[in-house]
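Novice: These protein sequences, in sequence, are chains A and B.
Residue 1441 in the numbering used here sits at position 68 of the first sequence, with consecutive numbering throughout.
Residue 126 in the numbering used here sits at position 123 of the second sequence, with consecutive numbering throughout.
One should not assume that every hint holds.
Said to hold, decoys possible - Cβ-to-Cβ under 8 Å is the rule here; a few derived chain A residues that face chain B:
1) T1380
2) L1384
3) I1387
4) I1391
5) N1395
6) G1412
7) V1440
8) A1441
9) G1442
10) L1443
Stated by the list, open to error - With a cut-off of at most 25 Å between alpha-carbon atoms, the simulated DMTMM-like pairs for lysine to aspartate or glutamate come out as follows:
11) B:K64 / A:E1429
12) A:K1385 / B:E22
13) A:K1416 / B:E62
14) A:K1389 / B:E62
15) A:K1378 / B:E62
16) B:K74 / A:E1425
17) B:K74 / A:E1394
18) B:K64 / A:E1620
19) A:K1430 / B:E62
20) A:K1382 / B:E22
21) A:K1389 / B:E22
22) A:K1416 / B:E61
23) A:K1382 / B:E62
24) B:K74 / A:E1427
25) B:K64 / A:D1396
26) A:K1430 / B:E61
27) B:K64 / A:D1599
28) B:K64 / A:E1427
29) B:K64 / A:E1394
30) B:K74 / A:E1620
31) B:K74 / A:E1429
32) A:K1385 / B:E61
33) B:K43 / B:D146
34) A:K1385 / B:E62
Hints are computed from structural coordinates only; laboratory data are not their basis.
All C-beta atoms in this analysis are idealised placements derived from N, C-alpha and C, irrespective of residue type, glycine included.
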Amino acid sequence: MAKGKQTCKILKEIRKQIAAENDIKLVIEECTYQGDCLGTCPKCEAEVRYLERELEKRQRLGKAAVVAGLSVGLLGASQVALAQEPDSLNMNQNNLGTLRGDMTIVEYGAIPLYPPPTFPYCHVLTQEEISNVAISKLPKSGNLIVVGGNLTCPEEESLYNREWKPQPDTLFEKTKCLYAPKFEGGESMLVEFLSQNLGKNADGNAYGDMEVAFTVEPNGKLSHIDIIKGVNEQLDAQVAALFKFMEWKPAIWELNSGEKIPFACQCVQKLHFPMITH
Amino acid sequence: MTEEKIFGISRHRLTTDGEGVTTLVAFSGCPLRCKYCLNKASWEPDKGRLYTPETLFEEVKIDQLYFLATKGGITFGGGEPLLQTEFIQAFRELCGSQWQLLAETSLNVPFENVQTIDPILDGYIVDIKDMNPEIYKVYTGKDNALAISNLQWLLQHGDPNRIMVRVPHIPDFNTDDDVERSKERLEKMGVTNIDEFQYIIR
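Chain A with its partners taken away, still in its complex shape:
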């Protein structure tokens, strides 16, 4: 087994132990990546961040967070297997050939959201359907919610705090988009999330603009993640993997009855990776 994979396996076990000891639900998917593994990846990093958040929650609730020394025995047992792997770093303290070369860290600039041209999963209702539809029967989750019509939005307006301009004679005339999809904590937290989870593994030589298309489902999960404008293969894959772990506040629609419902919404997020200079 490649050493990176073995490191990944050990770190995963540590995360499992922390989760189990603190009653944190942690579902770890089997990694199917076949290429060179550095021992961690954005997916693994996102799990660590999740554990940290859950531990903080426990502490805020006055519960003990059990971490210190929890996995000492686990690591000791793993060292036997690892010791069998050739490790050039162990041969000479000055051999640091596998370090990240020039220590560059990806930084982020402004992150504008592009207004989606249309909502996915929409079905245009006929006038008859509109009059007959029972709001209570509208799906509260899942990919399909029948709202009808093609939406357009003036591009000069911010995604936030705007009203959609519906086509005439559709349900939209009587409804209003209260909240556009939003990353939990807002843009600053999104930048922090990306920076913390991407910085260590990102290709520091990569720079340029990236555009990530995705759908924020009514339950806040992201789906249909697609890098529609990429920087390079490695960075694109890392960013796409991170988006899979995100949870957003879904778009909220207010019907004229006053009922507010979450619905699926397609978004495009632009990320800017500046050129790093030293």
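Here the structure of chain A is known, so what remains is to put chain B in place on it, guided by the hints.
Specialist: Relative to chain A, chain B alone:
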């Protein structure tokens, strides 16, 4: 504000730098000129990227959970980390007492540095090269008297088990007998943890 050049950071080291999950932080600048040094860039104090203790802490704390769970932490290497005592002291104040802080060092540094840093560190990985002064000088370009006296002081001022001394077989510079003699002398000094290994020349 103290700031130093760091030319490399290596995360998730599980067996090479002490117990637990560790991150190796390699400072630029080294007083030795070892013939088989694979990172001669570390000889230059100006190589690398500038860090303050704060910016380094912000970068490495990403693995705090692993450090705490495994009683790991940061291993300062280089280059020669004991030339950066002020930086490491400030870093300790930021990371607190739960992180293990180790130094991979030649100990070929002023005694004052060792005296200053000892209360800060949890342990040492000392690359002693060879105890024979002539072999040491030919291989590193420096005298080893200072390194040995610093090691002696550390052994007498704290738990000897916090110190692991590496004794390498250095092709074309020392023999198996030389290594045995080094080990015997170290044991007489009170070293309890010796790591004998072979330099592999690629």
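Novice: Taken at face value, is the distance from the CA of E62 of chain B to the CA of K1389 of chain A at most 25 Å?
Specialist: With Cα atoms ~24 Å apart, K1389 of chain A and E62 of chain B stay inside 25 Å; holds.
Novice: Compare the distance between the alpha carbons of K1382 of chain A and E22 of chain B with 25 Å, and conclude whether the hinted pair is satisfied.
Specialist: holds, 17 Å
Novice: Is the shortest C-beta separation between G1412 of chain A and chain B less than 8 Å?
Specialist: This interface hint holds because 5 Å falls under the 8 Å limit.
Novice: Next pair to validate is K64 of chain B with D1396 of chain A; report whether the Cα-Cα distance is within 25 Å.
Specialist: holds, 24 Å
Novice: Tell me if the interface restraint on L1384 of chain A is satisfied: Cβ within less than 8 Å of some Cβ in chain B.
Specialist: holds, 7 Å
Novice: Given I1387 of chain A as an interface hint, is its Cβ closer than 8 Å to any Cβ of chain B?
Specialist: Holds: closest Cβ of chain B sits about 5 Å from I1387 of chain A, inside 8 Å.
Novice: Verify the interface restraint on A1441 of chain A: the C-beta must sit less than 8 Å from at least one C-beta of chain B.
Specialist: Check passed: Cβ of A1441 of chain A comes within 5 Å of chain B, closer than 8 Å.
Novice: If you draw a straight line from the CA of K64 of chain B to the CA of E1620 of chain A, is it 25 Å or shorter?
Specialist: It holds: about 23 Å lies between the C-alpha atoms, which stays within 25 Å.
Novice: Does E22 of chain B sit within 25 Å of K1389 of chain A, going by the straight-line distance between their CA atoms?
Specialist: Holds. K1389 of chain A to E22 of chain B sits at ~20 Å (cutoff 25 Å).
Novice: Could you check if T1380 of chain A really has its C-beta closer than 8 Å to a C-beta on chain B?
Specialist: T1380 of chain A check passes; min Cβ-Cβ to chain B is 5 Å, inside 8 Å.
Novice: Under 8 Å, Cβ to Cβ, is where N1395 of chain A needs to be relative to chain B, so tell me if that hint holds or is violated.
Specialist: violated, 11 Å
Novice: Take the shortest C-beta to C-beta distance between G1442 of chain A and chain B; is it under 8 Å?
Specialist: holds, 6 Å
When each numbered hint is compared with the structure, violations occur for hints 5, 27 and 30.
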